[in-house]
Amino acid sequence: MKAFIRGIGQISPQQTFAGDFLENVTAYNTNMLFCIDPVYKEFIHPLQLRRMSRTLRMGVTAAKICLLDAAIEMPDAVITGTGFGCVEDTEKFLLAMLNNNEQQLTPTAFMQSTHNTISGQVAIMLKCKEYNSTYVNRGFSFETALLDSLMLIAEDNAHKVLVGGFDENSFNLHTTTDRLGHWKKEKTNSLQLLESKTPGTISGEGATFFMLTDKEDENNYALLKGLSTLYKPENENEVEQHVNDFLKRNNLSASDIDLVVYGLNGDARTDEVYYHLRDKLFNENAGAYFKHLCGDYYTSSAFALWFSANAIKRQVVPQSVRLGKAPSGALKNILIVNHYRDINYSFMLVSQC
Amino acid sequence: MSERIAITGLGIISAIGDNVHQNLASLRAKRSGIGQIKYLETIHKGILPIAEVKHSDDELLILLGVSENTGYTRTALLGMIAAKEAFADSGAKKGDGIRTAMISATTVGGMGSTEKFYLDYINPEKTGDFVKYIDSHDCGDSAEKIADNLGIKDFITSINTACSSSANALMLGARLIKHGIVDRVVAGGVDGLTKFTINGFNTLMILDKEYCKPFDKNRTGLTLGEGSGFVVLESLEVAQKAGKKIYCELSGYANTCDAYHQTASSPEGTGAFLSMSSALALSGLEIEDIDYVNVHGTATQINDLSEGNAMIKFFGNKVPKFSSTKGYTGHTLAAAGGIEAVFSALTIYNNTIFPNLNFKDKMDEFDLIPVTDLIENAGVKNVLSNSFGFGGNNTSLIFSKV
Numbered sequence: 001m002k003a004f005i006r007g008i009g010q011i012s013p014q015q016t017f018a019g020d021f022l023e024n025v026t027a028y029n030t031n032m033l034f035c036i037d038p039v040y041k042e043f044i045h046p047l048q049l050r051r052m053s054r055t056l057r058m059g060v061t062a063a064k065i066c067l068l069d070a071a072i073e074m075p076d077a078v079i080t081g082t083g084f085g086c087v088e089d090t091e092k093f094l095l096a097m098l099n100n101n102e103q104q105l106t107p108t109a110f111m112q113s114t115h116n117t118i119s120g121q122v123a124i125m126l127k128c129k130e131y132n133s134t135y136v137n138r139g140f141s142f143e144t145a146l147l148d149s150l151m152l153i154a155e156d157n158a159h160k161v162l163v164g165g166f167d168e169n170s171f172n173l174h175t176t177t178d179r180l181g182h183w184k185k186e187k188t189n190s191l192q193l194l195e196s197k198t199p200g201t202i203s204g205e206g207a208t209f210f211m212l213t214d215k216e217d218e219n220n221y222a223l224l225k226g227l228s229t230l231y232k233p234e235n236e237n238e239v240e241q242h243v244n245d246f247l248k249r250n251n252l253s254a255s256d257i258d259l260v261v262y263g264l265n266g267d268a269r270t271d272e273v274y275y276h277l278r279d280k281l282f283n284e285n286a287g288a289y290f291k292h293l294c295g296d297y298y299t300s301s302a303f304a305l306w307f308s309a310n311a312i313k314r315q316v317v318p319q320s321v322r323l324g325k326a327p328s329g330a331l332k333n334i335l336i337v338n339h340y341r342d343i344n345y346s347f348m349l350v351s352q353c
Numbered sequence: 001m002s003e004r005i006a007i008t009g010l011g012i013i014s015a016i017g018d019n020v021h022q023n024l025a026s027l028r029a030k031r032s033g034i035g036q037i038k039y040l041e042t043i044h045k046g047i048l049p050i051a052e053v054k055h056s057d058d059e060l061l062i063l064l065g066v067s068e069n070t071g072y073t074r075t076a077l078l079g080m081i082a083a084k085e086a087f088a089d090s091g092a093k094k095g096d097g098i099r100t101a102m103i104s105a106t107t108v109g110g111m112g113s114t115e116k117f118y119l120d121y122i123n124p125e126k127t128g129d130f131v132k133y134i135d136s137h138d139c140g141d142s143a144e145k146i147a148d149n150l151g152i153k154d155f156i157t158s159i160n161t162a163c164s165s166s167a168n169a170l171m172l173g174a175r176l177i178k179h180g181i182v183d184r185v186v187a188g189g190v191d192g193l194t195k196f197t198i199n200g201f202n203t204l205m206i207l208d209k210e211y212c213k214p215f216d217k218n219r220t221g222l223t224l225g226e227g228s229g230f231v232v233l234e235s236l237e238v239a240q241k242a243g244k245k246i247y248c249e250l251s252g253y254a255n256t257c258d259a260y261h262q263t264a265s266s267p268e269g270t271g272a273f274l275s276m277s278s279a280l281a282l283s284g285l286e287i288e289d290i291d292y293v294n295v296h297g298t299a300t301q302i303n304d305l306s307e308g309n310a311m312i313k314f315f316g317n318k319v320p321k322f323s324s325t326k327g328y329t330g331h332t333l334a335a336a337g338g339i340e341a342v343f344s345a346l347t348i349y350n351n352t353i354f355p356n357l358n359f360k361d362k363m364d365e366f367d368l369i370p371v372t373d374l375i376e377n378a379g380v381k382n383v384l385s386n387s388f389g390f391g392g393n394n395t396s397l398i399f400s401k402v
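Protein chains in written order, with our numbering: chain A, 1 to 353; chain B, 1 to 402.
Because the hints were derived from the structure by calculation, they are not lab data.
Keep in mind that this is a model prediction, so the values were computed, not measured.
Just to be clear, a hint being listed does not mean it is correct.
[To be verified] From the derived model, a few chain B residues whose C-beta atoms are all more than 12 angstroms from chain A:
{"id": "1", "residue": "Pro320"}
{"id": "2", "residue": "Asp367"}
{"id": "3", "residue": "Phe390"}
[To be verified] In silico DSS-like cross-links for lysine-lysine, where the CA-CA straight-line distance does not exceed 27 angstroms:
{"id": "4", "chain 1": "A", "residue 1": "Lys92", "chain 2": "B", "residue 2": "Lys132"}
{"id": "5", "chain 1": "B", "residue 1": "Lys217", "chain 2": "A", "residue 2": "Lys232"}
{"id": "6", "chain 1": "A", "residue 1": "Lys187", "chain 2": "A", "residue 2": "Lys197"}
{"id": "7", "chain 1": "A", "residue 1": "Lys197", "chain 2": "A", "residue 2": "Lys232"}
{"id": "8", "chain 1": "A", "residue 1": "Lys248", "chain 2": "B", "residue 2": "Lys178"}
{"id": "9", "chain 1": "A", "residue 1": "Lys280", "chain 2": "A", "residue 2": "Lys215"}
{"id": "10", "chain 1": "B", "residue 1": "Lys178", "chain 2": "A", "residue 2": "Lys215"}
{"id": "11", "chain 1": "A", "residue 1": "Lys41", "chain 2": "A", "residue 2": "Lys127"}
{"id": "12", "chain 1": "B", "residue 1": "Lys132", "chain 2": "A", "residue 2": "Lys185"}
{"id": "13", "chain 1": "B", "residue 1": "Lys217", "chain 2": "B", "residue 2": "Lys360"}
[To be verified] The calculated label-pair distances, taken between Cβ atoms and stated as ranges, are:
{"id": "14", "chain 1": "A", "residue 1": "Ala268", "chain 2": "B", "residue 2": "Gln301", "range": "54 to 62 angstroms"}
{"id": "15", "chain 1": "A", "residue 1": "Leu47", "chain 2": "B", "residue 2": "Lys362", "range": "24 to 32 angstroms"}
{"id": "16", "chain 1": "A", "residue 1": "Glu216", "chain 2": "B", "residue 2": "Lys209", "range": "55 to 63 angstroms"}
{"id": "17", "chain 1": "B", "residue 1": "Lys209", "chain 2": "A", "residue 2": "Gln192", "range": "56 to 64 angstroms"}
{"id": "18", "chain 1": "A", "residue 1": "Thr26", "chain 2": "B", "residue 2": "Ala281", "range": "49 to 57 angstroms"}
{"id": "19", "chain 1": "A", "residue 1": "Gln241", "chain 2": "B", "residue 2": "Gly316", "range": "55 to 63 angstroms"}
{"id": "20", "chain 1": "B", "residue 1": "Gln36", "chain 2": "A", "residue 2": "Glu155", "range": "31 to 39 angstroms"}
{"id": "21", "chain 1": "A", "residue 1": "Glu195", "chain 2": "B", "residue 2": "Asp135", "range": "22 to 30 angstroms"}
{"id": "22", "chain 1": "B", "residue 1": "Ile98", "chain 2": "A", "residue 2": "Glu73", "range": "54 to 62 angstroms"}
{"id": "23", "chain 1": "A", "residue 1": "Gln104", "chain 2": "B", "residue 2": "Lys209", "range": "57 to 65 angstroms"}
{"id": "24", "chain 1": "B", "residue 1": "Val131", "chain 2": "A", "residue 2": "Thr30", "range": "33 to 41 angstroms"}
{"id": "25", "chain 1": "B", "residue 1": "Ala25", "chain 2": "A", "residue 2": "Glu73", "range": "48 to 56 angstroms"}
{"id": "26", "chain 1": "A", "residue 1": "Ser255", "chain 2": "B", "residue 2": "His179", "range": "25 to 33 angstroms"}
No residue lacks a Cβ here, since even glycine has one placed at the ideal position from N, Cα and C.
Using the sequences and the hints given, assemble the complete structure.
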């Protein structure tokens, strides 16, 4: 199963919504990354905007940018993936309920708190009555959304699928999950994330939409050629074996990979597996990483796919993401290797059209 | 892609019973699970009726055979109980080498625990045992706990399309098998009752102060429920060759979107009509082959009007027998599609239509009257089951006798 990437829209902690490609990157020192906002009223009517939470604005706008970029008005399906869903509206309703002893509550935050709010709002905005779904399984959320899209296209049930991943950061979410040891204790310069060698990482967020299609077109970014997930591997060797099998299934060997994009997040406890793969399989290959730019969140692999599709289309790997060996020659095949807290592993193969 | 999909295992826990056997007995006896609030701590106790599973969390742990609560939310516990029953019912064994997927659906995830401890969560000064629940807030937690409990590793995901969620879990499951990604799927959904949900629906003013009355003229809203329903899906051919018990076939499915309003269905039921039509087209059946519809039938003003109109548009003047089972279980949100898939399978396997409780007077807008008494030897070969949700998500499933 495969599909071309025709268009992309992304809002992230970097300037990624207006055709920029990480030429100038923003550093953060807060361990907590938030998106750089576009001018939302250029995309959404101010009356609607007023009622929308941050993630809803981000998601709907990223979807709109993607549609414009793809020059496609109406998709055949809308599919999203999100780990935490609409955090701000959930917190708003929850806190109001707890602080007011379940009284004097208003419905807007509740209505917009469900994880499928963005896929629903995008469908309403487009009047798209076709297939619509939302996946909510941690580090598999965006991956299942992609798989569903690829299946719909393979089934001939869709020819252009609008598929996105989004997650929203918040102070309360960061504080809460900090108690589980997810985040670094010391304030870390995000651009020096890999140098810290301490436990924990930095939290992030983002909204990224892709238009996948089975139609060839000179404007296609790249081909999403393969996708695979792995749940709770026993050890590094199982991951290595999985990557080998994945490449083999796609008739590729390690030497065919021009760039490996690693989901390194600077957490000394869980980064080792990436270095293991690099040492065992990709010692000769150029590398890149991305979580120092967007932070870690359940659907951060969408940022990696945005990066990879752009790198293929532009044939550029910006300095800010390079890891180890610099790429030489044409970028034909990029492998993304990502995991969320050593539980949800995913692998994507992005190739030249 | 022409592979047919069999249902080989059923599992359920709801307000009307802890397993398939108890649920079936209650359905036959017209015994509703709705009552006054007992387990949920809320100011609505004694005012709003709900359909609770009749056990505390500690009792659910015992039912499951787990000795210590290391962070299991009510949602996870309910899901683990129903999925375990379905898995065993299909003859599956932990580690039997069959490539298996776990697809669960939930809308609230671990909110039941979050709302108890949230003010402590966000206050770093506070410490205590509650910290173990933090990581179980998100929707993926229950699916992963269910998968771990059953030793499922090959494919795991969770769906949240509000009240159509678990119908979509079955649909995705069938497609994964047809694509050869896995050979067996445990698919369904779960939602535990929470203050968050009851207050949310209360602000929308769509909760009935009496027991919900689906498709009745005087209906004033839904009754919330909780529970979990799971089925096991396998290739029909493989299941037949292995001589397995087959409840029925999942012969059709479709997912469409109303694209009308964030929480309300369109009065004419556009999305519902589309999902029923597309599911029928996939099944290859004729419209008159549908013998019974397990309607979404939440008993809100707008749902029953919208769904009724969609059925009339779809079936014309020959709307088949139909009933909503929400009068038994309440509206179990993400679990509804899974629970009603279990009921639909039982309808076919036992050739019995379960009645629509609390119906008295037909609606003014049309002449649709649900089945109000148990019908045995009903001659049911094909069942259509509808699930509709916030966000305009509509999914229809068709179950057929094999």
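The hints, checked one at a time:
Once the 12 angstroms rule is applied to beta carbons, B/Pro320 is consistent with being away from chain A; the minimum gap is 24 angstroms. The non-interface label for B/Asp367 is consistent with chain A: the shortest C-beta to C-beta separation is roughly 28 angstroms, beyond 12 angstroms. For B/Phe390, the non-interface assignment is contradicted: its Cβ lies about 5 angstroms from the closest Cβ of chain A, within the 12 angstroms cut-off. Distance hint between A/Lys92 and B/Lys132 is fulfilled; the C-alpha atoms sit about 23 angstroms from each other, no more than 27 angstroms.
For the suggested pair B/Lys217 and A/Lys232, the alpha carbons sit about 52 angstroms apart, so the restraint of at most 27 angstroms is broken. Between A/Lys187 and A/Lys197 the CA atoms are separated by roughly 13 angstroms; this keeps the pair inside 27 angstroms, and the hint holds. A threshold of 27 angstroms between alpha carbons decides the hint, and for A/Lys197 with A/Lys232 the separation of about 23 angstroms falls inside it, so the pair holds. For the proposed pair A/Lys248 and B/Lys178, the alpha carbon gap of about 22 angstroms is at most 27 angstroms, so the pair holds.
Distance restraint check for A/Lys280 and A/Lys215: the Cα-Cα separation of roughly 37 angstroms exceeds the 27 angstroms cut-off, and the hinted pair is therefore not satisfied. As the CA atoms of B/Lys178 and A/Lys215 are separated by approximately 23 angstroms, the hinted pair is consistent with the 27 angstroms bound. Restraint check: the Cα-Cα separation between A/Lys41 and A/Lys127 comes to about 20 angstroms, which is no more than 27 angstroms; the hinted pair holds. For the proposed pair B/Lys132 and A/Lys185, the alpha carbon gap of about 20 angstroms is at most 27 angstroms, so the pair holds.
With a C-alpha separation of about 8 angstroms, the suggested pair B/Lys217 and B/Lys360 falls inside the 27 angstroms cut-off, and the hint holds. Distance hint check for A/Ala268 and B/Gln301: the Cβ-Cβ separation is about 57 angstroms, which falls inside the suggested range of 54 to 62 angstroms. One distance hint, 24 to 32 angstroms for the beta-carbon pair A/Leu47 and B/Lys362, is violated here, with the actual separation near 40 angstroms. The beta-carbon spacing between A/Glu216 and B/Lys209, approximately 59 angstroms, falls within the hinted interval of 55 to 63 angstroms.
Here the CB-CB span from B/Lys209 to A/Gln192 is close to 59 angstroms, well matched to the stated 56 to 64 angstroms. Between A/Thr26 and B/Ala281 the beta carbon distance is about 50 angstroms. The supplied range of 49 to 57 angstroms therefore holds. With their beta carbons about 57 angstroms apart, A/Gln241 and B/Gly316 fall inside the hinted range of 55 to 63 angstroms. A hinted range of 31 to 39 angstroms is violated for the C-beta pair B/Gln36 and A/Glu155, which are about 48 angstroms apart.
Remark: the range hint 22 to 30 angstroms for A/Glu195 to B/Asp135 is upheld by a beta-carbon distance near 28 angstroms. At about 44 angstroms, the CB distance of B/Ile98 to A/Glu73 disagrees with the hint of 54 to 62 angstroms. A hinted range of 57 to 65 angstroms is violated for the C-beta pair A/Gln104 and B/Lys209, which are about 19 angstroms apart. Here the CB-CB span from B/Val131 to A/Thr30 is close to 23 angstroms, at odds with the stated 33 to 41 angstroms.
Between B/Ala25 and A/Glu73 the C-beta distance comes to about 54 angstroms, which sits within the given range of 48 to 56 angstroms. Between A/Ser255 and B/His179 the beta carbons are some 30 angstroms apart, a value that agrees with the proposed interval 25 to 33 angstroms.
Violated hints, listed in ascending order, are 3, 5, 9, 15, 20, 22, 23, 24; each of the other numbered hints is respected by the structure.
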